[in-house]
Amino acid sequence: MNALLGLPLALPLLGAALTIVFRSSSVQRAISFVSLLGALGASIGVLVHLAIEDDIVVSRLGGWPAAVSITLVGDRLSALMLVIAGALLVIVLAFAIGQRAADERSPFYHPAYLVLAAGIGQAFLSGDLFNLFVAFELLLMASYVLLTLEGTDAQVRSGTTYVVLNVVESMVLLTAVGLVFAATGTVSMAELPERLAELPDGVQTGLHLLLLVAFGIKAAVFPLFFWLPDAYPTAPSSVTAVFAGLLTKVGIYCMIRVETLLFPGQGSTLLLWIAGLTMLIGVFGAVSHVEMKRILSFHIVSQIGYMVMGIGIGTELALAATVFYLVHHIPVKASLFLVQGLVERETGSTALDDVGGLARRSGPLAVLFLVPALSLAGLPPFSGFLAKFGLARAGFDAGQHVVVVAALLASLFTLVSMTKIWMAMFWGDPYPDVAEGRVGVLRHHPLMSSTTALVIVGTVAVALVAGPLFDYCTGAAAQLIDPGIYRAAVLGS
Amino acid sequence: MIGRRSTILDQVDRMLFPLIVAVAIYVTFRGHNAPGGGFAGGLITGAAFVLRFLSGGALRVRRSVVTHPTTLIGIGLFVAVATAVSPLFVGDALLESTIWIPDVPLVGEVKLVSSTFFDIGVYLLVVGVILTVIVALGADPLHAELMGDGSEEVEP
Numbered sequence: 001m002n003a004l005l006g007l008p009l010a011l012p013l014l015g016a017a018l019t020i021v022f023r024s025s026s027v028q029r030a031i032s033f034v035s036l037l038g039a040l041g042a043s044i045g046v047l048v049h050l051a052i053e054d055d056i057v058v059s060r061l062g063g064w065p066a067a068v069s070i071t072l073v074g075d076r077l078s079a080l081m082l083v084i085a086g087a088l089l090v091i092v093l094a095f096a097i098g099q100r101a102a103d104e105r106s107p108f109y110h111p112a113y114l115v116l117a118a119g120i121g122q123a124f125l126s127g128d129l130f131n132l133f134v135a136f137e138l139l140l141m142a143s144y145v146l147l148t149l150e151g152t153d154a155q156v157r158s159g160t161t162y163v164v165l166n167v168v169e170s171m172v173l174l175t176a177v178g179l180v181f182a183a184t185g186t187v188s189m190a191e192l193p194e195r196l197a198e199l200p201d202g203v204q205t206g207l208h209l210l211l212l213v214a215f216g217i218k219a220a221v222f223p224l225f226f227w228l229p230d231a232y233p234t235a236p237s238s239v240t241a242v243f244a245g246l247l248t249k250v251g252i253y254c255m256i257r258v259e260t261l262l263f264p265g266q267g268s269t270l271l272l273w274i275a276g277l278t279m280l281i282g283v284f285g286a287v288s289h290v291e292m293k294r295i296l297s298f299h300i301v302s303q304i305g306y307m308v309m310g311i312g313i314g315t316e317l318a319l320a321a322t323v324f325y326l327v328h329h330i331p332v333k334a335s336l337f338l339v340q341g342l343v344e345r346e347t348g349s350t351a352l353d354d355v356g357g358l359a360r361r362s363g364p365l366a367v368l369f370l371v372p373a374l375s376l377a378g379l380p381p382f383s384g385f386l387a388k389f390g391l392a393r394a395g396f397d398a399g400q401h402v403v404v405v406a407a408l409l410a411s412l413f414t415l416v417s418m419t420k421i422w423m424a425m426f427w428g429d430p431y432p433d434v435a436e437g438r439v440g441v442l443r444h445h446p447l448m449s450s451t452t453a454l455v456i457v458g459t460v461a462v463a464l465v466a467g468p469l470f471d472y473c474t475g476a477a478a479q480l481i482d483p484g485i486y487r488a489a490v491l492g493s
Numbered sequence: 001m002i003g004r005r006s007t008i009l010d011q012v013d014r015m016l017f018p019l020i021v022a023v024a025i026y027v028t029f030r031g032h033n034a035p036g037g038g039f040a041g042g043l044i045t046g047a048a049f050v051l052r053f054l055s056g057g058a059l060r061v062r063r064s065v066v067t068h069p070t071t072l073i074g075i076g077l078f079v080a081v082a083t084a085v086s087p088l089f090v091g092d093a094l095l096e097s098t099i100w101i102p103d104v105p106l107v108g109e110v111k112l113v114s115s116t117f118f119d120i121g122v123y124l125l126v127v128g129v130i131l132t133v134i135v136a137l138g139a140d141p142l143h144a145e146l147m148g149d150g151s152e153e154v155e156p
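Residue numbers (the numbering used here), protein chains in the order written: chain X, 1 to 493; chain B, 1 to 156.
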């Protein structure tokens, strides 16, 4: 079991090395699929083990003893994240190949994509802050390449903002890690809770805020979200789908670790404020825009607010609901961007004014949009309803009424902006007139449409297996809420 | 290539190049128990290529390596990661190193460590990165064929 833990990190890296050497695109695709499927298989193995055994899997690199080795730690949360991320990476790769976008044909797409996968895997498995930083660097480097691979003017311009901002973020994170080490003498997340608690309050708050700023930029929370709606829309939809689904969620994952493990319960008021503002500002941004990709990008920000809210409430139920929300959100968000890619291929545009009557033109495409859109807005019976219900319930139980009201309000506006897309693009008479060679994207691009459908089936499946899944999430939350479990598993005492 | 070609620098490069690479390889292998290793060795080799770049330009650097520089990155990464993963097959931890101490006749005991391959991988990767940087950023506009856009070489 411990051997499996390294594979979600090592296999994509191995694949990346091979795809750099072999430049033929069919060979690259085969290598990518094999290494990502291998990583996914290993993650599923770990997940199944943890679902049955309820412990924490630890792998010490190099076989060194606990105190000096680099550790990979797989608890219920990280195993779940690894499986979802792995599955999404495989499916979106298939979509990208079906899309036949210019960037997938570049010899550097596959290496960058695999390095991104390795970085995400390492981020979820890191047992210490410094390796978390390394994981961030790995996935950021790859994301720079993926974001600007086509090299258009718009990409270079927004890519510059993205790179500068992320370099600043890395610097803040590295500073924070350095200061944590200076103050406590360790960066291991198992040893830190005890040592941090001994520090003076002011030092604790300072370190806490530095880490929050670093991960807050990554997760795009208010007021650090401004880069996201600028950068994401310029990339091809397959790349945006992965970024939207996974990169901000890595930030959220790190925030969960910081708030449960390192500084339990210290930031809740601040986080609740951030959560409320992130939800509302994000959704207002979405309502105000008239281009599908930008609307969806603002929704990423708004949705992040819900997860921060769960972290801020901080009870076991709230954390379980947050983990469930992550599980629901990743496929929903990714599928919306994939649908956006389909719409773009069908009509050549995703501006609300340019397109109309898609429902009459292609019924199945309308269904593909409607299911994740309603799920995102949180209507029953979709997964979004269950996720938001869990969070609202946890909020009321903890007496945090204000933030719950803000969350419900944000939900309402999410529905408004989804209705806006629906009314403008799918309802009414077909517009523009069917252009030559663009008809029937679903029929002409079976790989794109089937992979999109697969992700959407995944989102529906989240709702169908919500009972057992929420039980698993509750188990994950139970592991999160008691740092002692983590410590005992990693240090082996 | 910057300015006119200097015969002195050319000759210095010719003499120093093998010497620098030899030092780099020495540094790479002593890195197991002493300061050094694949990263430092790779950088020293990179310095040799920078010297070659200064004396002969990017084209001469490109001509003195057999493979494409990015291929070197791929091979290096592969060797390093494969070394990291291989202990899993014999039931050890990721990145765990195995040590053999065979008794070689006349030489005596020789200590062989599997993590040497990791260092070699890092060495190749670093050299590959430096070569890529030199070829990509240092390319003379007159030698545009380096960048693969098919335009003809113009005599200076």
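Since the hints were derived computationally from the structure, they do not count as laboratory data. The C-beta atom is built at its ideal place from N, Cα and C for all residues, glycine as well. Careful, some of the hints might be misleading.
Said to hold, decoys possible - Just the calculated beta-carbon pair ranges, DEER-fashion:
| id | chain 1 | residue 1 | chain 2 | residue 2 | range |
| --- | --- | --- | --- | --- | --- |
| 1 | X | D353 | B | L43 | 28 to 38 angstroms |
| 2 | B | L137 | X | E316 | 19 to 29 angstroms |
| 3 | B | I25 | X | P107 | 53 to 63 angstroms |
| 4 | X | V68 | B | S64 | 20 to 30 angstroms |
| 5 | X | T269 | B | A34 | 45 to 55 angstroms |
| 6 | B | L43 | X | G151 | 49 to 59 angstroms |
As the list claims (entries may be wrong) - If you want the ones that stay clear, here's a sample from chain B, every Cβ over 12 angstroms from chain X, calculated:
| id | residue |
| --- | --- |
| 7 | D10 |
| 8 | R14 |
| 9 | R30 |
| 10 | I75 |
| 11 | V81 |
| 12 | G91 |
Consistency of the hints with the structure:
| no. | hint | result |
| --- | --- | --- |
| 1 | X:D353 / B:L43: 28 to 38 angstroms | violated, 55 angstroms |
| 2 | B:L137 / X:E316: 19 to 29 angstroms | violated, 53 angstroms |
| 3 | B:I25 / X:P107: 53 to 63 angstroms | violated, 30 angstroms |
| 4 | X:V68 / B:S64: 20 to 30 angstroms | violated, 42 angstroms |
| 5 | X:T269 / B:A34: 45 to 55 angstroms | holds, 53 angstroms |
| 6 | B:L43 / X:G151: 49 to 59 angstroms | violated, 30 angstroms |
| 7 | D10 | holds, 33 angstroms |
| 8 | R14 | holds, 31 angstroms |
| 9 | R30 | holds, 20 angstroms |
| 10 | I75 | violated, 6 angstroms |
| 11 | V81 | violated, 5 angstroms |
| 12 | G91 | violated, 7 angstroms |
In terms of the numbered hints stated before, the structure departs from hints 1, 2, 3, 4, 6, 10, 11, 12, listed from lowest to highest.
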